[in-house]
Amino acid sequence: MSALPLTVVIADDSDAYRSGIARAVRAHGDLELVGEAIEGDGALAAIAELAPDVALLDVRMPGLDGLEVCERLRALNPAAATRVVLLSAYMDDAVVARAREAGADAYMSKTATRGEICSEAIRVVRGLQ
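The numbering of the sequence shown is UniProt numbering, which starts it at 1 and goes up by one.
Quick caveat, the hints were computed from the structure, so don't treat them as lab data. Keep in mind it's a predicted model, so treat the numbers as computed, not measured. Note that beta-carbon positions come from the ideal geometry of N, C-alpha and C, so glycine has one too. Each hint should be verified, as a subset may be incorrect.
Claimed, not checked - Distance ranges between label pairs, derived from CB positions:
1. Ala27 / Arg126: 18 to 28 Å
2. Tyr90 / Gly63: 28 to 38 Å
3. Asp93 / Leu4: 17 to 27 Å
4. Arg26 / Ala94: 30 to 40 Å
5. Met91 / Leu4: 25 to 35 Å
6. Thr111 / Asp15: 31 to 41 Å
7. Asp30 / Asp93: 13 to 23 Å
8. Glu32 / Gly127: 15 to 25 Å
9. Asp15 / Leu50: 14 to 24 Å
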């Protein structure tokens, strides 16, 4: 465990899914939850205000979707330190390709365990294999 936990923003319109991931992040010693959003515009605002180390974003949300949030983050500040993990119930090849084009650091299925999602958040920030 590191001395400083990595900061996390979570955005998902499903209260049950978002709260489950939030509980896992809070319970993880290397992660600190600093913000939550239920739609893309709120996610973009939270990320801009809080500058988290990593954002866990649902691909499909009201307003801006996770792909659009990622694209806007990269367009506003290409060198921004916030890493993006997109989460989706659909592992569609076209959406995965679009996620890469948008600048996402990772794309995961929502069927991944909470532990796997937390591990991926750490990996994309710290560059672990």
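Structure-based check of all given hints:
| no. | hint | result |
| --- | --- | --- |
| 1 | Ala27 / Arg126: 18 to 28 Å | holds (19 Å) |
| 2 | Tyr90 / Gly63: 28 to 38 Å | violated (19 Å) |
| 3 | Asp93 / Leu4: 17 to 27 Å | violated (37 Å) |
| 4 | Arg26 / Ala94: 30 to 40 Å | holds (34 Å) |
| 5 | Met91 / Leu4: 25 to 35 Å | holds (33 Å) |
| 6 | Thr111 / Asp15: 31 to 41 Å | violated (18 Å) |
| 7 | Asp30 / Asp93: 13 to 23 Å | violated (32 Å) |
| 8 | Glu32 / Gly127: 15 to 25 Å | holds (19 Å) |
| 9 | Asp15 / Leu50: 14 to 24 Å | holds (20 Å) |
Of the numbered hints listed earlier, those contradicted by the structure are 2, 3, 6, 7.
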